[in-house]
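Based on the hints, put chains B, C and D in the right spot on chain A.
There are 4 protein chains.
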Amino acid sequence: MNMANTEFSLPLRVYIEDTDAGGIVYYINYLKYMERARTEFMRSLGYAKTAIFADDLMFVVHTSNVQYLDSARLDDEVVVTAKPVKMGKTNICFHQQVRRGTSVLCRADIRIACVDQKNRKPRAMPVSMQQTIQSFITVPEE
Amino acid sequence: MNMANTEFSLPLRVYIEDTDAGGIVYYINYLKYMERARTEFMRSLGYAKTAIFADDLMFVVHTSNVQYLDSARLDDEVVVTAKPVKMGKTNICFHQQVRRGTSVLCRADIRIACVDQKNRKPRAMPVSMQQTIQSFITVPEE
Amino acid sequence: MNMANTEFSLPLRVYIEDTDAGGIVYYINYLKYMERARTEFMRSLGYAKTAIFADDLMFVVHTSNVQYLDSARLDDEVVVTAKPVKMGKTNICFHQQVRRGTSVLCRADIRIACVDQKNRKPRAMPVSMQQTIQSFITVPEE
Amino acid sequence: MNMANTEFSLPLRVYIEDTDAGGIVYYINYLKYMERARTEFMRSLGYAKTAIFADDLMFVVHTSNVQYLDSARLDDEVVVTAKPVKMGKTNICFHQQVRRGTSVLCRADIRIACVDQKNRKPRAMPVSMQQTIQSFITVPEE
Numbered sequence: 415m416n417m418a419n420t421e422f423s424l425p426l427r428v429y430i431e432d433t434d435a436g437g438i439v440y441y442i443n444y445l446k447y448m449e450r451a452r453t454e455f456m457r458s459l460g461y462a463k464t465a466i467f468a469d470d471l472m473f474v475v476h477t478s479n480v481q482y483l484d485s486a487r488l489d490d491e492v493v494v495t496a497k498p499v500k501m502g503k504t505n506i507c508f509h510q511q512v513r514r515g516t517s518v519l520c521r522a523d524i525r526i527a528c529v530d531q532k533n534r535k536p537r538a539m540p541v542s543m544q545q546t547i548q549s550f551i552t553v554p555e556e
Numbered sequence: 415m416n417m418a419n420t421e422f423s424l425p426l427r428v429y430i431e432d433t434d435a436g437g438i439v440y441y442i443n444y445l446k447y448m449e450r451a452r453t454e455f456m457r458s459l460g461y462a463k464t465a466i467f468a469d470d471l472m473f474v475v476h477t478s479n480v481q482y483l484d485s486a487r488l489d490d491e492v493v494v495t496a497k498p499v500k501m502g503k504t505n506i507c508f509h510q511q512v513r514r515g516t517s518v519l520c521r522a523d524i525r526i527a528c529v530d531q532k533n534r535k536p537r538a539m540p541v542s543m544q545q546t547i548q549s550f551i552t553v554p555e556e
Numbered sequence: 415m416n417m418a419n420t421e422f423s424l425p426l427r428v429y430i431e432d433t434d435a436g437g438i439v440y441y442i443n444y445l446k447y448m449e450r451a452r453t454e455f456m457r458s459l460g461y462a463k464t465a466i467f468a469d470d471l472m473f474v475v476h477t478s479n480v481q482y483l484d485s486a487r488l489d490d491e492v493v494v495t496a497k498p499v500k501m502g503k504t505n506i507c508f509h510q511q512v513r514r515g516t517s518v519l520c521r522a523d524i525r526i527a528c529v530d531q532k533n534r535k536p537r538a539m540p541v542s543m544q545q546t547i548q549s550f551i552t553v554p555e556e
Numbered sequence: 415m416n417m418a419n420t421e422f423s424l425p426l427r428v429y430i431e432d433t434d435a436g437g438i439v440y441y442i443n444y445l446k447y448m449e450r451a452r453t454e455f456m457r458s459l460g461y462a463k464t465a466i467f468a469d470d471l472m473f474v475v476h477t478s479n480v481q482y483l484d485s486a487r488l489d490d491e492v493v494v495t496a497k498p499v500k501m502g503k504t505n506i507c508f509h510q511q512v513r514r515g516t517s518v519l520c521r522a523d524i525r526i527a528c529v530d531q532k533n534r535k536p537r538a539m540p541v542s543m544q545q546t547i548q549s550f551i552t553v554p555e556e
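Here the protein sequences come in this chain order: A, B, C and D. Converting from the first sequence to the numbering used here requires adding 414 to each position, the first position being numbered 1. Converting from the second sequence to the numbering used here requires adding 414 to each position, the first position being numbered 1. Converting from the third sequence to the numbering used here requires adding 414 to each position, the first position being numbered 1. Converting from the fourth sequence to the numbering used here requires adding 414 to each position, the first position being numbered 1.
In isolation and in its complexed conformation, chain A is listed as follows:
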């Protein structure tokens, strides 16, 4: 099944805990929003974090490249997307956005590595997980 045109998105509300003295969302917190969206995307595929942990695996963020374009404010409703765009046996690259209506507030490329929970060395994801995530990638790579 090819899910390549599907975009996973998570609606979120901005709370006071997310803001800073500039009156806007503290930019670091967009990374929290993005991780929530990746977590829910993986959960929607059957890979809750606890399931991954049970396999002695762990996902860690390897690289986060983020551009901040505009700001969300208190009480705003935003939508956070998560789309795998490239993958290898031990890693996944996600493209993610935080949007308010049609306006993109923040966009990011986040590279996740799959590692052994004990020694933190790269480990291949289970093949079924690789295949499932691969089905979301528009132009299959590697």
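Simulated from the structure, these hints should not be mistaken for laboratory data. Keep in mind that a hint or two might mislead.
One copy or any two copies: either way a pair holds, since identical chains are not told apart in the list.
[As the list claims (entries may be wrong)] Calculated pairs, DSBU-like style, for lysine-lysine (alpha carbon to alpha carbon, straight line, at most 35 Å):
{"#": "1", "residue 1": "497", "residue 2": "463"}
{"#": "2", "residue 1": "532", "residue 2": "500"}
{"#": "3", "residue 1": "446", "residue 2": "500"}
{"#": "4", "residue 1": "463", "residue 2": "532"}
{"#": "5", "residue 1": "463", "residue 2": "503"}
{"#": "6", "residue 1": "497", "residue 2": "535"}
{"#": "7", "residue 1": "463", "residue 2": "535"}
{"#": "8", "residue 1": "500", "residue 2": "463"}
{"#": "9", "residue 1": "535", "residue 2": "503"}
{"#": "10", "residue 1": "532", "residue 2": "446"}
It should be emphasised that the depicted structure is a prediction, and the values quoted were computed from it without experimental measurement.
Only chains B, C and D this time, still in chain A's reference frame:
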């Protein structure tokens, strides 16, 4: 209308951002959960934070008395309640719980003060807000 | 040695990460400041967290009763105190304050329990730790 | 005066608030550490945030590109560096690292924009600020 037997509750998921090196939710974060529940309770009554700000008012936490009984873990689904139990013209006392299933993980009494946004002095809430919140209190006080 | 008149204090700077859209320190973050002060107080006695962990012990917060009196702002220099005021074999009560100059912004009573790292049941602190902490308490109790 | 070989660095302690259920510093928090270092670097030059705000200016993060190489743990002492590497009239690019001993845990390129506090449009930094920061850049650009 008497809403006194109603309990407002907000379901929440525990994310990695909420946890600490003890493998459980960092206890301070239950206070964030509780504020989200109070915010949604007020929103359900028509009092979004932006509406309150527009009136030059602001709610600030005056006292937080919290007991930590058990811990939530990564991926847990918890429910956070918010129930006004006492109020005056310028303040509201909430009783709140964080629960997982029937287990109470954390309970708190939080006293909120209504203040002027500019000088931070106590100010009476609008009468309609007082009446609305009062209707949720089991034994009317003050 | 009686240390009962000694007050441990930790100077801290308020950063943008600590503030919220109200332009002040987000009240929950005072609890982070207070934990830093307790951690440094214990470290000053030779009990770094890693040392405590090595003993299969762990400190968890059991109760936090906090009063918020005034607010710290961006760039403020504050001082956070930590003073044990009561203790048993398995717990310590701290009185703590966050101050800016002579002004008390926030004061708290925090009860810490010593638990087994594995089963989270209460466990007695090592006797030498009990004695050391006891020496800071003005009127010895229990 | 050419400060180009100078590297500003800020020592920090890892607290429980900084960690996550993986037992390590939650990766997003390195961005908080880096902002503290930039803030202290600017303060060391006489540009505290409150001073910048008083000029109706504000610095906002425009881009953050971060690589996570290794992890800090509870109680670790780390050093966070901040070095301007490129600048224009309205922006500064910093190269930053988080190090434990000689080991680089995390490195980042952070681009900061100077904006008008009211309308959030780019505004030139005061000339003296530009010159001061320029003196820290090894190969002067623009």
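Which of the numbered hints above does this structure break?
Hints that this structure does not satisfy do not exist here, as all of them hold.
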